[in-house]
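Protein chains: 2
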Amino acid sequence: MKAFIHHGLPGFEGAAYRDMPEPTAGPGQVRIRLKTAGLNRRDLRILHAGKEGDPPIILGSDGAGVIDQIGPDVHGIHQGDEVIINPTLHWFKNTPAPPPNYEILGSPTHGTFAEFIVISADQVEPKPSYLSWEEAGVLPLSALTAYRALFTRGRVQSGQTVFIPGAGGGVATYLVQFAKAVGARVCVASRSEEKRQHIRKLGADVIIETGQDWLEALEGDKVDLVIDSVGAATFDKCLTILKPGGTLVTFGATAGDEIQLNLRSFFYGQFNLLGSTMGSQEEFREMLQFITKHQIRPVIDQYFPLSEARQALHRLQETHNFGNIGLHIS
Amino acid sequence: MKAFIHHGLPGFEGAAYRDMPEPTAGPGQVRIRLKTAGLNRRDLRILHAGKEGDPPIILGSDGAGVIDQIGPDVHGIHQGDEVIINPTLHWFKNTPAPPPNYEILGSPTHGTFAEFIVISADQVEPKPSYLSWEEAGVLPLSALTAYRALFTRGRVQSGQTVFIPGAGGGVATYLVQFAKAVGARVCVASRSEEKRQHIRKLGADVIIETGQDWLEALEGDKVDLVIDSVGAATFDKCLTILKPGGTLVTFGATAGDEIQLNLRSFFYGQFNLLGSTMGSQEEFREMLQFITKHQIRPVIDQYFPLSEARQALHRLQETHNFGNIGLHIS
Numbered sequence: 001m002k003a004f005i006h007h008g009l010p011g012f013e014g015a016a017y018r019d020m021p022e023p024t025a026g027p028g029q030v031r032i033r034l035k036t037a038g039l040n041r042r043d044l045r046i047l048h049a050g051k052e053g054d055p056p057i058i059l060g061s062d063g064a065g066v067i068d069q070i071g072p073d074v075h076g077i078h079q080g081d082e083v084i085i086n087p088t089l090h091w092f093k094n095t096p097a098p099p100p101n102y103e104i105l106g107s108p109t110h111g112t113f114a115e116f117i118v119i120s121a122d123q124v125e126p127k128p129s130y131l132s133w134e135e136a137g138v139l140p141l142s143a144l145t146a147y148r149a150l151f152t153r154g155r156v157q158s159g160q161t162v163f164i165p166g167a168g169g170g171v172a173t174y175l176v177q178f179a180k181a182v183g184a185r186v187c188v189a190s191r192s193e194e195k196r197q198h199i200r201k202l203g204a205d206v207i208i209e210t211g212q213d214w215l216e217a218l219e220g221d222k223v224d225l226v227i228d229s230v231g232a233a234t235f236d237k238c239l240t241i242l243k244p245g246g247t248l249v250t251f252g253a254t255a256g257d258e259i260q261l262n263l264r265s266f267f268y269g270q271f272n273l274l275g276s277t278m279g280s281q282e283e284f285r286e287m288l289q290f291i292t293k294h295q296i297r298p299v300i301d302q303y304f305p306l307s308e309a310r311q312a313l314h315r316l317q318e319t320h321n322f323g324n325i326g327l328h329i330s
Numbered sequence: 001m002k003a004f005i006h007h008g009l010p011g012f013e014g015a016a017y018r019d020m021p022e023p024t025a026g027p028g029q030v031r032i033r034l035k036t037a038g039l040n041r042r043d044l045r046i047l048h049a050g051k052e053g054d055p056p057i058i059l060g061s062d063g064a065g066v067i068d069q070i071g072p073d074v075h076g077i078h079q080g081d082e083v084i085i086n087p088t089l090h091w092f093k094n095t096p097a098p099p100p101n102y103e104i105l106g107s108p109t110h111g112t113f114a115e116f117i118v119i120s121a122d123q124v125e126p127k128p129s130y131l132s133w134e135e136a137g138v139l140p141l142s143a144l145t146a147y148r149a150l151f152t153r154g155r156v157q158s159g160q161t162v163f164i165p166g167a168g169g170g171v172a173t174y175l176v177q178f179a180k181a182v183g184a185r186v187c188v189a190s191r192s193e194e195k196r197q198h199i200r201k202l203g204a205d206v207i208i209e210t211g212q213d214w215l216e217a218l219e220g221d222k223v224d225l226v227i228d229s230v231g232a233a234t235f236d237k238c239l240t241i242l243k244p245g246g247t248l249v250t251f252g253a254t255a256g257d258e259i260q261l262n263l264r265s266f267f268y269g270q271f272n273l274l275g276s277t278m279g280s281q282e283e284f285r286e287m288l289q290f291i292t293k294h295q296i297r298p299v300i301d302q303y304f305p306l307s308e309a310r311q312a313l314h315r316l317q318e319t320h321n322f323g324n325i326g327l328h329i330s
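From first to last, the protein sequence lines stand for chains A and B.
Start counting the first sequence at 1; every next residue gets the next number (the UniProt record's numbering).
Start counting the second sequence at 1; every next residue gets the next number (the UniProt record's numbering).
Here chain A stands alone, though its shape is the one from the complex:
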């Protein structure tokens, strides 16, 4: 089968579109003929972290497709079922942290940038029928990340104000839609005029140029919750706009991960800094119910054929995208 893999040298040099052996479903497993797959920044990190001697690994955490082979001891799933893949492996219940054997699909296990994937049957969920294949294929990782960060960790409430510094990637587009769906007021900062315009269409209430004085732009109204994936570049600014007792959920650090923090200001402010990453199977299912109830759709930036996964990853690396980038497979 055709697949987009990484092996050997770090970076794009180690990446290739090539033939890989077609996998077969073992006990408890299903094989999916993938229709679509989605890109995540994690794919780039794995590409760049590669080293000589690595075995070939099929990249990709997100995907959707049709069940085409069912292994022994699998119940309740049928040939031809349309499914979406939960990329969180081995983390089922909504515990404070994943178990030690937790993994994300797509390294060290083979991922979704391929014609077929074999995966444990408990990693698949019915594809929400109102979503297109293009929408379903890019949804899982970023929508799950947004769900856990905003609800399980941030516990956003109707009427609260949520601030999202950095409107670029896929997760932000879900954060805005999810927060609006529960009746929160949403403020977003972005450096890009184009992204600010996109965010406006998603329903954000206040849209700020990142370089502005944020508190001034908010007319002095501090916020209840910040959901941040920018990290070092704007961390200090996030705390200046947080209400006493407010919460900052951190789930990414695209602009640096080493921050300085004044503990005294932090505890006098009764602040909460909460780390979040991915989510459990329980949260994945809640997220699917939530988006179905509110008919929320992923924002699609651009689709490429699987054979052009390299170009798709370049686009993601250059952060030109607004919303999710996907791959057409079949």
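Since the hints were made in silico from the structure, they are not lab data.
Each hint can be trusted.
Put simply, identical chains are the same to the list, so a pair is met inside one copy or across any two.
Below, computed lysine to aspartate or glutamate pairings styled on EDC-like, alpha-carbon distance capped at 20 angstroms: (1) K93 to E125; (2) K237 to E258; (3) K243 to E103; (4) K2 to E22; (5) K293 to E125; (6) K237 to D257.
Put chain B on the given structure of chain A with help from the hints.
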């Protein structure tokens, strides 16, 4: 009346034991003849932050005594009632953060290092009868701080392991006793052999020399909760012993308040960093019920007469104390 005050120059130069006008209870207020008062590091901070031209201010946040004058419009309090003072002003309900007009007793309002104090009637609570005057006088601020940090913020549960880096001050002695009372396992670090011996007597399960490798000393068992008031000096070490999904409550920074934090490790660890300081009236009342139920007593380091408040503050500044330092007043 006699009082220990600060005015003018910063530091001990601006401190004096002298006569101050005897206050009178106005509407909604009571006057207390103080029996005992307690010292806190806050008193030292106010002393050292003083500046020329400051009006004389009576120091002290903690105290207990007998009602001896009742102003108009006060109900349910009687002459001769034995009371303990809640040092948190204007923060009544257990909200995520105190209201904007929140203050701590003892600057800018006159405090407890005096023969009399006039205070709003809703700031006094019945003295738990099993406590001596010496115990009641030193209890309020540090026991309230410990209560909020450990229960409201840290949500400690029976069976969890709590780590307390720094066993010195008053708050740590309550943290150990409170956590043991609810069935938690308690680990404490201290640089001082003498303090480690004291902590052992309070029931701590594991006692570590601060310079040791903490994780090794814990035999590799990470902890659920860290309640920290040391700050910069040991902040990194705290995160190395915290379980994934674990919580660090910060309520002080005696060894520096500027810390560095790696956000990526923090969110991959699903950690929680929660700021805490003081507590509300609601928490003060819960704390009094809790200590009464468990018959918990403050650890008293040493008592001085009010006239020797200066020497008492020196002892606190040199951190030679284990437990609370108090002043006998009448």
